[in-house]
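S.K.: As you go down the protein sequences, you meet chains X and S in turn.
First residue of the first sequence: 555, per the working numbering; consecutive thereafter.
First residue of the second sequence: 555, per the working numbering; consecutive thereafter.
Hints were generated in silico from the structure; no laboratory data involved.
Glycine residues also receive a C-beta, built at the ideal position from the N, C-alpha and C atoms.
Be aware that a few hints might be false.
[To be verified] Derived DEER-like restraints, expressed as beta-carbon distance ranges:
#1 S:N628 to X:V590: 32 to 40 angstroms
#2 S:E641 to X:E655: 24 to 32 angstroms
#3 X:N580 to S:S645: 32 to 40 angstroms
#4 X:E642 to S:E641: 21 to 29 angstroms
[To be verified] Chain X residues, not near chain S, derived (Cβ > 10 angstroms throughout):
#5 S604
#6 I612
#7 V634
[Unchecked claim] Under the rule of at most 20 angstroms between Cα atoms (straight-line distance), these lysine-lysine pairs were calculated in the PhoX-like manner:
#8 S:K661 to X:K653
#9 X:K653 to X:K597
#10 S:K653 to S:K627
#11 X:K640 to X:K661
#12 S:K663 to X:K663
#13 X:K588 to X:K640
#14 X:K627 to X:K597
#15 S:K640 to X:K653
#16 X:K637 to S:K627
#17 S:K597 to S:K640
#18 S:K597 to X:K661
#19 X:K663 to S:K637
#20 X:K640 to S:K663
#21 S:K627 to X:K618
Protein chains: 2
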Amino acid sequence: MNNLVNTFEIPYYAVIFASERTEGDNGYNEMASKMVALANEQKGFLGLESSRDSNLGITISYWKTLEDITAWKNHTAHQVAQKLGKEEWYSQFSLRICKVERDYLFKSK
Amino acid sequence: MNNLVNTFEIPYYAVIFASERTEGDNGYNEMASKMVALANEQKGFLGLESSRDSNLGITISYWKTLEDITAWKNHTAHQVAQKLGKEEWYSQFSLRICKVERDYLFKSK
């Protein structure tokens, strides 16, 4: 799941989630895997890119419409994960909802 | 530079750059530092978040307007870096220009 995704039909939407973790795993990695699998099953889900180093994690999910993003935000299992995220896993995070207006993919020969 | 940036006045723009690297440094890290410093000096630059793990790197820069993004794309020193990126540093990358419509920042107590 942690590789580049393709481009999609314009316009579509990106949710940029950037986070700084607390110490320790505390069930984070198991839940993160579950949420990626569950997101893949949702209506309008296009793809997901994720990277984490010692300072910062960035996860971007791509969706067809804003309504799809709202439905995923309100999904019961995702709500549980969001609550634990605030209580346990993240010292801080930012969330941005964006409309993708242009995209470009480069592959070397 | 690799920590969370703040939220900004809506709307603003995000450039999502996701990349897979070639083997070796080949001058990449020195150039990356220079480009971050140079981006910071550009008109309309708001901030930058970056994370890289063994699979994928994601760098997001935030800008006031689309014109600011175009000016940065066309900056002479940045053009040199873009050319080297395609020739030397990246096996593939994607670039997405997005309008940020909503943002949210969480900090634990």
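S.K.: Compare the structure with each hint and give your call.
M.R.: Verification of the hints:
1. S:N628 to X:V590: 32 to 40 angstroms: holds, 37 angstroms
2. S:E641 to X:E655: 24 to 32 angstroms: holds, 28 angstroms
3. X:N580 to S:S645: 32 to 40 angstroms: holds, 35 angstroms
4. X:E642 to S:E641: 21 to 29 angstroms: violated, 44 angstroms
5. S604: violated, 7 angstroms
6. I612: Non-interface label on I612 (chain X) violated, nearest chain S Cβ at 4 angstroms vs cutoff 10 angstroms.
7. V634: holds, 17 angstroms
8. S:K661 to X:K653: violated, 25 angstroms
9. X:K653 to X:K597: Distance of about 18 angstroms is within 20 angstroms: holds.
10. S:K653 to S:K627: The given pair, whose Cα atoms are some 17 angstroms apart, holds under the 20 angstroms limit.
11. X:K640 to X:K661: violated, 38 angstroms
12. S:K663 to X:K663: Violated, because 49 angstroms separates the two Cα atoms, which is more than 20 angstroms.
13. X:K588 to X:K640: Holds, because 17 angstroms separates the two Cα atoms, which is no more than 20 angstroms.
14. X:K627 to X:K597: This hinted pair holds, its Cα atoms lying about 12 angstroms apart.
15. S:K640 to X:K653: violated, 26 angstroms
16. X:K637 to S:K627: The hint is violated at about 39 angstroms.
17. S:K597 to S:K640: Violated, at about 25 angstroms.
18. S:K597 to X:K661: violated, 30 angstroms
19. X:K663 to S:K637: Holds: K663 (chain X) and K637 (chain S) sit about 14 angstroms apart, inside 20 angstroms.
20. X:K640 to S:K663: This hinted pair holds, its Cα atoms lying about 10 angstroms apart.
21. S:K627 to X:K618: violated, 27 angstroms
Figure legend: structure checked against the earlier numbered hints; hints not met, in rising order: 4, 5, 6, 8, 11, 12, 15, 16, 17, 18 and 21.
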